[in-house]
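Asks: These protein sequence lines map, in sequence, to chains A and B. Those letters in the first sequence? Residues 725 to 840, per our numbering, in order. Those letters in the second sequence? Residues 2 to 116, per our numbering, in order.
These are calculated hints, taken from the structure and not from any lab test. Careful: at least some of the hints might be erroneous.
[Claimed, not checked] With the Cβ distance kept under 8 Å, some of the chain A side facing chain B (calculated, not the full set):
#, residue
1, THR744
2, LYS827
3, PHE830
4, GLN832
[Unchecked claim] Pairwise CB distance ranges, derived in the manner of DEER restraints:
#, chain 1, residue 1, chain 2, residue 2, range
5, B, MET6, A, PRO765, 13 to 23 Å
6, A, GLN768, B, LYS63, 38 to 48 Å
7, B, GLN18, A, ARG787, 44 to 54 Å
8, A, ILE770, B, SER31, 40 to 50 Å
9, A, SER752, B, ARG15, 39 to 49 Å
A virtual CB, placed ideally from N, CA and C, is assigned to each residue, including glycine.
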Amino acid sequence: AQTVTQSQPEMSVQEAETVTLSCTYDTSESDYYLFWYKQPPSRQMILVIRQEAYKQQNATENRFSVNFQKAAKSFSLKISDSQLGDAAMYFCAYRRSLGGAQKLVFGQGTRLTINP
Amino acid sequence: NAGVMQNPRHLVRRRGQEARLRCSPMKGHSHVYWYRQLPEEGLKFMVYLQKENIIDESGMPKERFSAEFPKEGPSILRIQQVVRGDSAAYFCASSPRRDRAHEQYFGPGTRLTVT
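Isolated chain A, as found in the complex (with noise of 0.2 Å):
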């Protein structure tokens, strides 16, 4: 079974400046979908970005990126320049590509707090 695995529970950053967020996973297969999704404290789960592992370039969404390292198994978020209203919940997801199942496998989540 696929497996995705955050292990920063708590990350906090200065406005402005860049951080990272990790994220592992453990799958067989050898196409799949990978995502970043926010949940602020309305709890709404907002699409960061998406990655597709059959892409070689690293997805990018105006100041987030990803870092996919797909032979390491890793899929990391960058953001830059924090802004206030970046602070939430980020949530690594994994998705099969082909057939079986369609479901979404979600990591633990990171909670993000952006310094003033």
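Place chain B on chain A using the hints.
Replies: Chain B alone, transformed into the frame defined by chain A:
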């Protein structure tokens, strides 16, 4: 274009009562997923449904929990004889097609409190 709707947003039930959680997918989406989030944990998959079909219920507890997605109307997650351990946030997500399950859009969740 309304997003995924869930109601109620908050639900309080006494032990032994029934809880019914509703999810209306995005327009044009016929696939629904239910996830449960216990306090201080990540989301855990419960069940995946297509209109009138349960595709994958591998995450559903064997007893007291059921789900449906009728031809007309919202998807319903039903919990019978609730216990305190059922207190959690329940999220619904929808996608347009099975092969686009990577495009899961989440609703705001229903927070169930069992007293």
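Asks: Does each hint fit the structure? Answer for all of them.
Replies: Now for the hints, and whether the structure bears them out:
no. : hint                           : verdict
1   : THR744                         : violated (19 Å)
2   : LYS827                         : holds (4 Å)
3   : PHE830                         : holds (4 Å)
4   : GLN832                         : holds (5 Å)
5   : B:MET6 - A:PRO765: 13 to 23 Å  : holds (20 Å)
6   : A:GLN768 - B:LYS63: 38 to 48 Å : violated (30 Å)
7   : B:GLN18 - A:ARG787: 44 to 54 Å : holds (45 Å)
8   : A:ILE770 - B:SER31: 40 to 50 Å : violated (23 Å)
9   : A:SER752 - B:ARG15: 39 to 49 Å : holds (45 Å)
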